[in-house]
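> Now for the letters of each chain:
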Amino acid sequence: MSTVTATAAPTNLWGGGKSPFNVEYGKLMMWYFLMSDAFTFGAFLIAYGTSRFASNGWPNPNEVFKSFPFAPEGVHAPLVFVSIMTFILIISSVTMVLAVHAGKQMDKNAVVRNLILTILGGIAFLSCQAWEWNHLHNEGAWWGANPFLNADSTQSSQAFTNFFFTITGFHGFHVFSGVIINIIMLIMTLMDKFEKRGHYLMIEKAGLYWHFVDLVWVFVFTCFYLI
Amino acid sequence: MSHTADALHHDDGSAVKEIWKVTGILSLLTIVELVFGFAMMGMTNEALRLAIKGTIVILMIAKAFYIVGYFMHLKHEVKNLIMTIVVPLALFVWFITAFLYEGNSYRNLKNRYDPYKKAQTEIKVHKNEEVKEIKTTVE
Chain A
42 MSTVTATAAP
52 TNLWGGGKSP
62 FNVEYGKLMM
72 WYFLMSDAFT
82 FGAFLIAYGT
92 SRFASNGWPN
102 PNEVFKSFPF
112 APEGVHAPLV
122 FVSIMTFILI
132 ISSVTMVLAV
142 HAGKQMDKNA
152 VVRNLILTIL
162 GGIAFLSCQA
172 WEWNHLHNEG
182 AWWGANPFLN
192 ADSTQSSQAF
202 TNFFFTITGF
212 HGFHVFSGVI
222 INIIMLIMTL
232 MDKFEKRGHY
242 LMIEKAGLYW
252 HFVDLVWVFV
262 FTCFYLI
Chain B
323 MSHTADALHH
333 DDGSAVKEIW
343 KVTGILSLLT
353 IVELVFGFAM
363 MGMTNEALRL
373 AIKGTIVILM
383 IAKAFYIVGY
393 FMHLKHEVKN
403 LIMTIVVPLA
413 LFVWFITAFL
423 YEGNSYRNLK
433 NRYDPYKKAQ
443 TEIKVHKNEE
453 VKEIKTTVE
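The listed protein sequences correspond, in order, to chains A and B.
When we follow my numbering, the leftmost residue of the first sequence carries the number 42, and every step to the right adds one.
When we follow my numbering, the leftmost residue of the second sequence carries the number 323, and every step to the right adds one.
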């Protein structure tokens with residue numbers, strides 16, 4: 042199907058009078074913004090990787106991120122909390138796709154319902170991250186302070202915590218902006234703005250941003266918690 | 323515009339079915355990643371650890387493909403649009419290779435020419451005294 046549009050369309054698409062990429066201007070610019078944002082995140086993560094490769098030792102993530110809310114102190118549950126955070130973000134991404142899809146069908150109620158679920162997912166993720174930051178801060182970790190030892194129990198550098206808080210913080214800020222954007226989309230939908238325009242293309246653009254936030258988390262999760 | 327939308331979503335059910343299929347794939351990939359993550363704990367064989375880490379990175383790229391291709395709908399866009407997004411991202415291949423190589427080389431040079439520093443990074447410390455020292459430096 043996509044190949045049909047791709048092979049048959051070019052002569053018409055580049056004939057002038059319409060977008061040669063067959064998307065609306067705002068959506069194209071959202072794609073280019075996300076591409077530049079991908080390079081920003083990529084630069085952060087690659088700097089982290091470079092530091093890690095340049096160090097003789099590095100903390101074991103399973104020893105650092107082993108706590109769970111309401112669990113007794115000293116509990117050893119690595120990867121559990123962060124996998125819950127990952128699934129929250131995946132599910133909120135799914136509800137966002139469903140909202141975009143409902144928008145294409147001009148189904149206002151389904152858009153509202155799925156946007157609310159997406160916003161709740163975003164807030165749940167931010168709450169988890171707030172808990173984790175608070176917990177690590179109580180353990181003495183912050184920018185410029187690393188209480189953890191390397192995996193081979195040698196002295197660890199502050200690069201570990203600096204990168205962790207900078208990168209998860211930058212990602213958390215993106216999630217926060219995404220939640221704000223989605224709340225604005227929800228208000229606009231409830232005010233029938235899109236019904237009057239006759240299309241829900243704005244929801245698609247917000248959706249692209251939200252999926253990008255999920256995409257970045259895939260990389261952050263892998264680089265900081267798994268490997 | 324409306325023509326393409328019709329062509330791509332000619333039938334409502336198949337689009338929703340695709341969303342749930344991709345959700346299933348993403349969840350499955352995440353679960354496999356987590357299984358590898360748990361399997362790696364306490365593993366001492368460095369070569370095997372490295373192989374598992376490589377596998378996790380491949381799974382990560384697969385997840386990225388499904389999110390960008392299906393959730394962000396890039397796979398169903400016009401080919402020229404796909405190319406303007408994906409081709410610049412190919413810079414990452416150089417970006418990652420060059421910088422990780424650089425980091426590794428820096429560590430090797432430092433270890434070779436600064437034996438004092440190298441010996442320092444090999445001193446084992448006890449967690450308790452370490453925490454105390456960090457606290458005093460923070461204050």
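One or more of the hints may lead you astray.
[Claimed, not checked] In silico contact screen, one side only, chain A against chain B (beta carbon under 7 Å); selected entries:
(1) A192
(2) T195
(3) Q196
(4) Q199
(5) N203
[What the hints assert, rightly or not] Derived coverage of chain A by chain B (criterion: at least 3 residues anywhere in the stretch with Cβ under 8 Å from a Cβ of chain B; other residues may be distant):
(6) 56-66
(7) 85-91
(8) 149-159
(9) 208-215
(10) 258-267
In case anyone wonders, no lab produced these hints; they're calculated from the structure.
Beta carbons are placed, not taken as given, at the ideal position from N, Cα and C, and that holds for glycine.
> Give a verdict on every hint.
Hint check results:
no., hint, result
1, A192, "11 Å, violated"
2, T195, "6 Å, holds"
3, Q196, "6 Å, holds"
4, Q199, "10 Å, violated"
5, N203, "14 Å, violated"
6, 56-66, "holds (count 5)"
7, 85-91, "holds (count 4)"
8, 149-159, "violated (count 0)"
9, 208-215, "violated (count 0)"
10, 258-267, "holds (count 5)"
In this structure, the earlier hints numbered 1, 4, 5, 8 and 9 are contradicted, and the remaining ones agree with it.
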